[in-house]
Amino acid sequence: MGAWTSYRLRLQRKRRQIRAFRKRRELTEVVNRTRAIRPEDILVFSTLRNERIRLPFFLKYYRDLGVSHFFIVDNGSDDGGREYLAEQEDVSLWSTNASYKRAHFGVDWLNWLQRKYADGHWTLVVDPDEFLVYPFCDTRPLRALTDWLDASDVRSFGAMLLDMYPKGALDAQPYREGQDPFDIACWFDSGNYMIKKNQFYGNLWIQGGPRTRAFFQDDPKNAPALNKIPLVKWDKEYTYLSSTHTILPRGLNLVYDEWGGEKASGCLLHAKFLDTFTAKAEEELRRGQHYAGSHEYRAYHQHLKDNPDLWCKWSEKYINWRQLEILGIMSKGNWA
Amino acid sequence: MSLGVVMLVHDALDRAGQLVRHWAGHGCPVVIHVDKRVKRRAYASFVNDLADLENVRFCSRHRCEWGTWSLVAASQTASELMLKSFPEVSHVFLASGSCLPLRPIQEMQDYLANRPRTNFIESVTTADVPWTVGGLDKERFTLQFPFSWKRHRTLFDIYVRLQQRLKIRRKVPEGLVPHLGSQWWCLTRQTLSDILNDPNREVYDAYFQKVWIPDESYYQTLVRQFSTNIESRSLTLSKFDYQGKPHIFYDDHLQLLRRSDCFVARKIWPQANKLYDSFLSDAGAIMSEAEPNPGKIDRIFSKAVERRTRGRPGLFMQSRYPRMGFENGLTGSTYAVFEGFTEVFEDFEGWLERAIGGRVHGHLFAPERVEFAGGQREFSGALTDSAALRDYDPRGFFTNLIWSTRGERQSFQFGPADNQEISWDMAKDPNAYIAVVSGAWAVPLYHSSQNFTDIRRQAARLQKIESDHLDILRSGYSRARIRIWTMAEFVQNPMEPLQLVVDEIGGRMSTRLTEAPKMVDLDGFGQFLQNLKNQGMQPYLMGNYPSDSDPAQTPRDARKPYLIK
Chain A
13 MGAWTSYRLR
23 LQRKRRQIRA
33 FRKRRELTEV
43 VNRTRAIRPE
53 DILVFSTLRN
63 ERIRLPFFLK
73 YYRDLGVSHF
83 FIVDNGSDDG
93 GREYLAEQED
103 VSLWSTNASY
113 KRAHFGVDWL
123 NWLQRKYADG
133 HWTLVVDPDE
143 FLVYPFCDTR
153 PLRALTDWLD
163 ASDVRSFGAM
173 LLDMYPKGAL
183 DAQPYREGQD
193 PFDIACWFDS
203 GNYMIKKNQF
213 YGNLWIQGGP
223 RTRAFFQDDP
233 KNAPALNKIP
243 LVKWDKEYTY
253 LSSTHTILPR
263 GLNLVYDEWG
273 GEKASGCLLH
283 AKFLDTFTAK
293 AEEELRRGQH
303 YAGSHEYRAY
313 HQHLKDNPDL
323 WCKWSEKYIN
333 WRQLEILGIM
343 SKGNWA
Chain B
881 MSLGVVMLVH
891 DALDRAGQLV
901 RHWAGHGCPV
911 VIHVDKRVKR
921 RAYASFVNDL
931 ADLENVRFCS
941 RHRCEWGTWS
951 LVAASQTASE
961 LMLKSFPEVS
971 HVFLASGSCL
981 PLRPIQEMQD
991 YLANRPRTNF
1001 IESVTTADVP
1011 WTVGGLDKER
1021 FTLQFPFSWK
1031 RHRTLFDIYV
1041 RLQQRLKIRR
1051 KVPEGLVPHL
1061 GSQWWCLTRQ
1071 TLSDILNDPN
1081 REVYDAYFQK
1091 VWIPDESYYQ
1101 TLVRQFSTNI
1111 ESRSLTLSKF
1121 DYQGKPHIFY
1131 DDHLQLLRRS
1141 DCFVARKIWP
1151 QANKLYDSFL
1161 SDAGAIMSEA
1171 EPNPGKIDRI
1181 FSKAVERRTR
1191 GRPGLFMQSR
1201 YPRMGFENGL
1211 TGSTYAVFEG
1221 FTEVFEDFEG
1231 WLERAIGGRV
1241 HGHLFAPERV
1251 EFAGGQREFS
1261 GALTDSAALR
1271 DYDPRGFFTN
1281 LIWSTRGERQ
1291 SFQFGPADNQ
1301 EISWDMAKDP
1311 NAYIAVVSGA
1321 WAVPLYHSSQ
1331 NFTDIRRQAA
1341 RLQKIESDHL
1351 DILRSGYSRA
1361 RIRIWTMAEF
1371 VQNPMEPLQL
1381 VVDEIGGRMS
1391 TRLTEAPKMV
1401 DLDGFGQFLQ
1411 NLKNQGMQPY
1421 LMGNYPSDSD
1431 PAQTPRDARK
1441 PYLIK
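Taken in sequence, the protein lines are chains A and B.
Numbering of the first sequence is given in our numbering, commencing with residue 13 and proceeding in unit increments.
Numbering of the second sequence is given in our numbering, commencing with residue 881 and proceeding in unit increments.
Calculated from the structure, these hints are not laboratory results.
Below, a list of computed lysine-lysine pairs in the BS3-like style, where the Cα atoms sit at most 30 Å apart:
hint	chain 1	residue 1	chain 2	residue 2
1	B	Lys1398	B	Lys1413
2	B	Lys1119	B	Lys1030
3	B	Lys1030	A	Lys26
4	B	Lys1119	A	Lys245
5	A	Lys208	A	Lys325
6	A	Lys245	B	Lys1125
7	A	Lys26	A	Lys248
8	A	Lys245	B	Lys1154
9	B	Lys1183	A	Lys245
10	B	Lys1344	B	Lys1308
11	B	Lys1176	B	Lys1154
12	A	Lys209	B	Lys1183
13	A	Lys128	B	Lys1030
14	A	Lys113	A	Lys26
15	A	Lys72	B	Lys1154
16	B	Lys1090	B	Lys1119
17	B	Lys1030	A	Lys245
18	A	Lys245	B	Lys1147
19	A	Lys245	B	Lys919
20	A	Lys248	B	Lys1125
21	A	Lys325	A	Lys233
22	A	Lys248	B	Lys919
23	A	Lys208	B	Lys1183
24	B	Lys1090	B	Lys1030
Stretch by stretch, here's where chain B covers chain A in the computed footprint (C-beta under 8 Å, at least three residues):
hint	segment
25	152-164
26	192-206
27	209-218
28	266-275
Backbone N, C-alpha and C define an ideal beta-carbon position, used for all residues, glycine too.
Given only the sequences and the hints, what does the whole structure look like? Please build it.
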């Protein structure tokens, strides 16, 4: 990387920091319980809108992994989610009615909160429909992973988004509050992911899975990105660029090995495709607050009219992380 | 007769306290060295918590840093105090605050009592160890290392390189032969006091202070001066990864550790409650005289290191995306590519599947759609038959297919009408077997009812593409097993090449082929080629195809097929 590239990246990072600083005014503090945070705590950051039905399981899942505190930005929910979150003892809540799109799809808000509260902590930035699975997650808490990453001098951990879907029509099995969404959406695509390397930021750009297969077959270039770097030992100089796909400084994007070996990685199981999806897609399309003119949601809308079945004969049924490891979707690296 | 424990504690004081209690409670005197970086208040409460134990001492503290002399200094200070305060101690065991005894202390005491004069310390010469960090083995002893490797890596590297460039060498003190080994040892009182009371100790200490990672070489070298009774292995089970940092044990290693029969293991994750609870309780202790047997643990950890450094061949994923040439093999299993066979034979795929088994696809890279075996719309790994998706990343499509079907041999058809982007990848892949009947693409043209100008144009295009493709196959970079016949020589006697291919792929059973695939109707094909020539287009990839007669009836001496690599 030449000095010029390095300078441009630095400039971009600084610009995004300033932007995050300006966007802080859009956030209204609802509850701030950050005083309870201890130095070694693992923190979750999330932006959401109208996800009330998902919240109980989401919070439980990450509490069970050993997350101690949740930072949540509520973007104008009107389904009671905000009130529910405000009651939780380990949640600090901000709310805003400002544009999600103009805050870089929430990234600016979270960048600001992370800069202010997360310096020196391991942070996990996830949406309420994303559930982290990492090697040995059934026997070792998240803290074991972060301790090991610390000991290995690794600052960031990649976890690819793995779209999960039910068999049959999306609305065939309604999701109940508190239920494990993967009781319903327990299928996934095991080996149709396409990878390119982004030379500028150094991260991998991964596409594929059921969304590409079903909605973007004729337009793969615009298929949603699946690469994510959600778990980072945060430093106030760091900044996410677009969702958790890209982060600066650039070195944090190198969560993969280029010399033939495998680094440890996880998966974010994505519980997007439940019966709630159709309504969500319609709402998001109406609001037009999503990436690249919401083309993703437009594509969904087109196909959802026919109530598609994402399942195919070669879909895999989810069992556990070891299965994902064997299939080569994630890796233990040298963690044993 | 007793075992004394020198314990170096850096963090996780509560766990260390628990371990001290365990050792001390079973009659082992303990001398503790606490890193000076531990805060004074934490230290005070640690000392206070252990105040009720009579056979525990705290020695003066050093500031410890990995890879430096401070760790040796700490163990020296503590050992001196041990030898002075506990005259009954006959073996001294060096442990850390995260070393967990796996077997009852009594067993370890008995084991050592049966070997009263044996020093357990891994000690091998530098030439014989493969596990050195940073590529420095011999140079650990001949260069100086004033800069911290952890904190000032750049300075460290620059200074090392400078010394290498200027050929600066330190002299190893006379009589010493540098040895290396695990820093966790168990020495007899005699040997340890010999080392600590050696008249030359000042010289040795001064020398080792500037050696890199002296805690892996100080005792390991000096022990050779004073004792010949050395078991060159550590009683502490400690595995290191490829970066030289210790592997950590968690709750899910419980059974593995139980069965290892090792006395002590490190490092244990401080939060591994189940491990601490079960190994520090005396319940269920079975007395045995088994020798330590860490074989299974060894395998698991060396597999982990292999995964991190070599990875799984043929896999491209979020945390393994090798640069070109570093894949350790583009694919993980063998596959076969057939070019021009479906054009010459009727239902070649069905025949091939009967002959060699495995999965036989059509043209995977056909322009309209991916022709998966059996005309399926989707295939293994949930790949789809969409040509647009495949052409978006042909290489990814291909490596995905081979990866997802590992364990089952894939065969597929290929030709000049297909997406050619995969040509180089296949040619360079030693897992590929490529059989080509060159020029066979003309057969479908011959059977087509299009107007002849179009046919001519297409023929010219396909010939150009196949010619380029053959150049790739014949290039010096190709590593695949490749066989090429021209169509003319192939149709002379097709059974011979077919038998060869089937034998070489090593199908279900390499017996004589009993069933021959049926050749398509080639009457007049020679005339068709002649017509192309008459139109000014020279079809040369078919070889010397007779223009007037059915080739099978005119015997000619067939050239031997040639094999490239």
